[in-house]
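Chain residues, written in single-letter form:
2 protein chains.
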Amino acid sequence: MRNLRVTASFCGAAYHGFQRQSGICAVQNVIEDTLSQILKQKTVIYGCSRTDAGVHANEFVFSFRTECAVPCRGLIRGMNSLLPDDIAILACEDVPQDFHARYSCKGKEYKYLIHNAEIKDPFLYKRAYHYPYRTDAELMDRAARLIKGTHDFSAFCGSSGLKDDNVRTVTDIGVERSGDMVVLTVSADGFLYNMVRIICGTLIFVNEGRLSCDDVERIIRSCNRDLAGPTAPPDGLYLNKVFY
Amino acid sequence: MRNLRVTASFCGAAYHGFQRQSGICAVQNVIEDTLSQILKQKTVIYGCSRTDAGVHANEFVFSFRTECAVPCRGLIRGMNSLLPDDIAILACEDVPQDFHARYSCKGKEYKYLIHNAEIKDPFLYKRAYHYPYRTDAELMDRAARLIKGTHDFSAFCGSSGLKDDNVRTVTDIGVERSGDMVVLTVSADGFLYNMVRIICGTLIFVNEGRLSCDDVERIIRSCNRDLAGPTAPPDGLYLNKVFY
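As you go down the protein sequences, you meet chains A and B in turn.
Number 606 marks the last residue of the first sequence (my numbering); no jumps.
Number 606 marks the last residue of the second sequence (my numbering); no jumps.
Please note that a few of the clues may not be correct.
For identical chains, the list gives no copy identity; a pair is met inside one copy or between any two copies.
[To be verified] Straight-line distance between alpha carbons at most 20 Å, and here's what the computed SDA-like set of lysine to any residue pairs gives:
1) K525 to Y493
2) K603 to L475
3) K404 to T497
4) K488 to L444
5) K488 to P446
6) K603 to D483
Read the hints as simulated data drawn from the structure, not as lab findings.
Source: prediction; values computed, not measured.
Work out the full structure, taking the sequences as your base and the hints as a guide.
Right, dumping it as structure tokens:
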């Protein structure tokens, strides 16, 4: 039995997230249907994480097992020719039996794209969050850096997502401007439900003067979701790297 | 009666072209419905050109007349807040009564984007033509430059588009590579139906060695559509500038 690790990229605009759901168009359903067709047997894949509806991935890893002998190059080619054009397979390799895309994952990096221009860009529709107001990326960056470190992130977790253990380590975080685009980058050993989107909404509140840098530290300590900013829309969120 | 000139930008992926058609979603219908709502009276707009289904515009000019006194800035804001996010209004100004977006137009520039990489980019889906084969942009550029000048362009006109006069002047044309993107730029005083897409298909045939640079000159002289290359797909085509 082979164990395969696959790296994909997808534009999430048309999908209800990665995770398979019956009666709904999810990335996992589409990839499993394609793989089952190529391998001529029902195939189940394991993704490195769930993603919300409309969220994108520059790099998304999944793994699956198969008896099939088709070389990796052929699998890449076959999947890319059968998958819809908003999902691409970037790499595929045989890995040791104990590899699992989700359980072997040591961390992930997300990017959140804020298109900061007075007028929306039609070509960024569903690919970035359009925010037309004056934005101080340096202020947002200072506030973001306060989030770095090991904390209980309950204040940055969507209501239905709380677990027994909500402590995570944010290994790197920052906000940078590149032209009209303000980009939040967050790496962590794990993420709670909606964590990046709530961090982004909180930093936007800091930009607007509704919250201060001191407030950000206080919000983390409070473990109270109600004190943080709103959940930014999914359109700007990209899973950017997966670490093993 | 005011005469207004408006510059828009749109991603054509979801539309059956600019031109109004009953029962079909065209950019013109959407803009006219929005303007009629703002101006509280049925409003007809005149576009600088038709565009095919799926074709995009970085800059598209239309004009319309109205008795309404709302200042241009308010019209821009109103339209941008009501239009779907794949259509943006970039500018609006009062112009002399004799201005007409189509009849006053002195020329246009189109760009055609060829995404030249082995693996498709999910974020370029419907925004560029994915062409995975080895591409010699310099050869395509040499062939393209032979098209410059005043010619009868019947050989580069889609079957249903021939008119009494098929002579046009291509004022500038070239092919340039920028990373994975090979970009064809064509400026002319006017374009026949599918002209840029057939020029692009012909240059791709030159790239593949199916046609030579000599053939390109021969094809122009022949006025025979059957000798030119195929019509490249609409996804890569952008109306880029309109000259008055």
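With identical chains, the pair K603 and L475 could be close in the same copy or across copies; at 20 Å between alpha carbons, which is it: within, between, both, or neither? within (15 Å within a copy, 28 Å between copies)
For K488 and P446, with the copy left unspecified, which applies at a CA distance of at most 20 Å: within, between, both, or neither? both (17 Å within a copy, 11 Å between copies)
Between the shortest in-copy and the shortest cross-copy C-alpha distance, which are at most 20 Å for K525 and Y493: within, between, both, or neither? Answer is neither; intra-copy 32 Å and inter-copy 46 Å both fail.
Between copies, within a copy, both or neither: which fits K488 and L444 at Cα up to 20 Å? This pair counts as between: shortest inter-copy Cα distance 17 Å, intra-copy 24 Å.
Within, between, both or neither: K404, T497 at alpha-carbon 20 Å: The answer is neither: 49 Å in one copy and 39 Å across copies each exceed 20 Å.
Within, between, both or neither, where K603 and D483 count as close if Cα-Cα is 20 Å or less: between (26 Å within a copy, 16 Å between copies)
Hint check: violations occur at hints 1 and 3; the rest are consistent with the structure.
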